[in-house]
Amino acid sequence: MDTQESVSKEIADIHAGASGETQPRVDFPPYRSSILRHPTKDLRHADPEGAELVAPVFGHSDVDPLEADLTIQAGGEPIGERMRLRGRLLDGDGRPVRRQLVEIWQANAAGRYVHKRDQHPAPVDPNFTGVGRCLTDDDGTYEFVTIKPGPYPWRNHHNAWRPAHIHFSLFGTDFTQRMITQMYFPSDPLFALDPIYQSITDQRARDRLVATYDHDLSEHEWLMGYRWDIVLTGAHATQMEAEDDDA
Amino acid sequence: MPETVRDLTATPGQTIGPFFHYALPFDLDRELVPIGSPGSVRLHGRVYDGAGQPVPDALLEIRQADGSGDVPRVEGSLRRPGGDFTGWGRSSTDRTGRYWFSTVEPAPTGEGAAAFFTVTVFARGLLNRLFTRIYLPGDDAVLAADRLLAGLDDERRHSMVAEREPDGSLRFDVHLQGDRETVFLRYPGHEG
Chain A
1 MDTQESVSKE
11 IADIHAGASG
21 ETQPRVDFPP
31 YRSSILRHPT
41 KDLRHADPEG
51 AELVAPVFGH
61 SDVDPLEADL
71 TIQAGGEPIG
81 ERMRLRGRLL
91 DGDGRPVRRQ
101 LVEIWQANAA
111 GRYVHKRDQH
121 PAPVDPNFTG
131 VGRCLTDDDG
141 TYEFVTIKPG
151 PYPWRNHHNA
161 WRPAHIHFSL
171 FGTDFTQRMI
181 TQMYFPSDPL
191 FALDPIYQSI
201 TDQRARDRLV
211 ATYDHDLSEH
221 EWLMGYRWDI
231 VLTGAHATQM
241 EAEDDDA
Chain B
1 MPETVRDLTA
11 TPGQTIGPFF
21 HYALPFDLDR
31 ELVPIGSPGS
41 VRLHGRVYDG
51 AGQPVPDALL
61 EIRQADGSGD
71 VPRVEGSLRR
81 PGGDFTGWGR
91 SSTDRTGRYW
101 FSTVEPAPTG
111 EGAAAFFTVT
121 VFARGLLNRL
131 FTRIYLPGDD
141 AVLAADRLLA
151 GLDDERRHSM
161 VAEREPDGSL
171 RFDVHLQGDR
181 ETVFLRYPGH
191 EG
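Taken in order, these protein sequences are the chains called A and B. Numbering-wise (full-length UniProt numbering), the first sequence opens with residue 1 and increments by one. Numbering-wise (full-length UniProt numbering), the second sequence opens with residue 1 and increments by one.
Simulated from the structure, these hints should not be mistaken for lab results. Hints are supplied without guarantee of correctness; some may be wrong.
[Said to hold, decoys possible] Partner residues aside, some chain B positions facing chain A, computed with beta carbon under 8 Å: (1) 15; (2) 64; (3) 104.
[As the list claims (entries may be wrong)] Across the chosen pairs, the derived CB separations fall in these ranges: (4) 159/A / 68/B: 54 to 62 Å; (5) 4/A / 6/B: 33 to 41 Å; (6) 216/A / 155/B: 28 to 36 Å; (7) 112/B / 61/A: 48 to 56 Å; (8) 51/B / 126/A: 24 to 32 Å; (9) 156/B / 20/A: 47 to 55 Å; (10) 216/A / 28/B: 51 to 59 Å; (11) 81/B / 47/A: 27 to 35 Å; (12) 82/B / 218/A: 25 to 33 Å; (13) 51/B / 77/A: 13 to 21 Å; (14) 82/B / 69/A: 44 to 52 Å; (15) 69/B / 42/A: 29 to 37 Å.
Glycine included, C-beta positions come from ideal geometry on N, C-alpha and C.
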């Protein structure tokens, strides 16, 4: 297995030749699993039409409000730092994406997923599945209550650890805005070492995946608050709703 | 008043990772219509990596018009209450890289347009989502006139059209890399 030192050197060499990119590179060999799983031909320009202009529609019949609280899904209290995560989902023009589905999944406080492929010998928490869903409100705001996930080891290279993160699955108003990403926590010492995070070669772009601690979202003697806003690519379809409520 | 978000640069994507299977799949996620119901079609295929190996940890979503060319905007895309056709489905790949959907063939959404499924692909090892289209086979004149297909050479154009199998199903394989690499799309506003 490669050493962290050699992987970090590969990352540094790629970053030295990059500038101003806002999305991850799909061709990023320090993330070994990407080597055979990225296209090598240029993406083909397409003007969106038909179904591409319309995201699927979700509503209260799809999502129970209790699914936004990951701390109450089993019989007892999960172990770890209880936290609230709140933010806004916007399109590239700054319009809130309203009543849209947000799905999250994450490891528990010990860095273990409830997934049969996760062999990390850290404890499973019987009171924590790490799966949540919610709908954004009319202001594009989503909110989850959960447990802060732990970092965990993986086999990209020797002694490789993923920074703590929460996976987010997001829809906009167009289907072309569909995306999946990961949200990270401030000042994680693993950032510099992680080839998935570092596949985004620009520091300002990487910073967009990091939540901020928000003391106003913390609750006295109860939980810690984090804020993370999400911006999708621009919508192409004519907006179906009046834009009078951003004023 | 909500806090203003000043930076409107799109948030970066990241890989779906290996552990999405207990989170994203849902009951009947790949059955936009019941299997074998009148007018239904099976859309299926495999996802391959650059070495030709199947990808067992990919996730595909399709978005489509119905059989009249209307794109559904009905609530209930996770539960489909009352059997509504929502025009969206999700299929993870199995250990042999196979995905499948039970759906209807979309009709064109405009006069003279070609009919297609829009597809987004996620996988462990894939650092950002990919988009493609699966065109319906049959009407060669309409396919030849499609703006996207018209700009491709014969081989790549052919690769974007599903194959009609003897049992009537539609087959479409996704090649993330290699000689038979799928044509992946960039829409205006997407970096890359």
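Results of checking the hints against the structure:
1. For residue 15/B, the suggested interface contact is upheld, since its CB lies about 6 Å from the closest CB of chain A, less than 8 Å.
2. The beta carbon of residue 64/B comes within 5 Å of a beta carbon in chain A, closer than 8 Å, and the hint placing it at the interface holds.
3. The restraint placing residue 104/B at the interface with chain A is violated, with a minimum CB-CB distance near 13 Å, outside the 8 Å limit.
4. In this structure the hint that residue 159/A and residue 68/B lie 54 to 62 Å apart at CB holds, the actual value being about 57 Å.
5. The hinted range of 33 to 41 Å is satisfied by residue 4/A and residue 6/B, whose Cβ atoms lie roughly 36 Å apart.
6. With their beta carbons about 57 Å apart, residue 216/A and residue 155/B fall outside the hinted range of 28 to 36 Å.
7. Checked against the given bound of 48 to 56 Å, the beta carbons of residue 112/B and residue 61/A, roughly 37 Å apart, lie outside it.
8. Here the CB-CB span from residue 51/B to residue 126/A is close to 40 Å, at odds with the stated 24 to 32 Å.
9. Here the CB-CB span from residue 156/B to residue 20/A is close to 30 Å, at odds with the stated 47 to 55 Å.
10. About 41 Å separates the C-beta atoms of residue 216/A and residue 28/B, a value inconsistent with the hinted range of 51 to 59 Å.
11. One distance hint, 27 to 35 Å for the beta-carbon pair residue 81/B and residue 47/A, holds here, with the actual separation near 34 Å.
12. Taking the beta carbon of each, residue 82/B and residue 218/A are about 43 Å apart, not inside 25 to 33 Å as hinted.
13. A C-beta distance of roughly 46 Å is found between residue 51/B and residue 77/A, which places it outside the suggested range of 13 to 21 Å.
14. For the hinted restraint 44 to 52 Å between residue 82/B and residue 69/A, the CB-CB distance of approximately 28 Å leaves it violated.
15. Take residue 69/B and residue 42/A: their Cβ atoms lie about 31 Å apart, and the range 29 to 37 Å holds.
Hints 3, 6, 7, 8, 9, 10, 12, 13 and 14, counting from the list given before, are not met by this structure.
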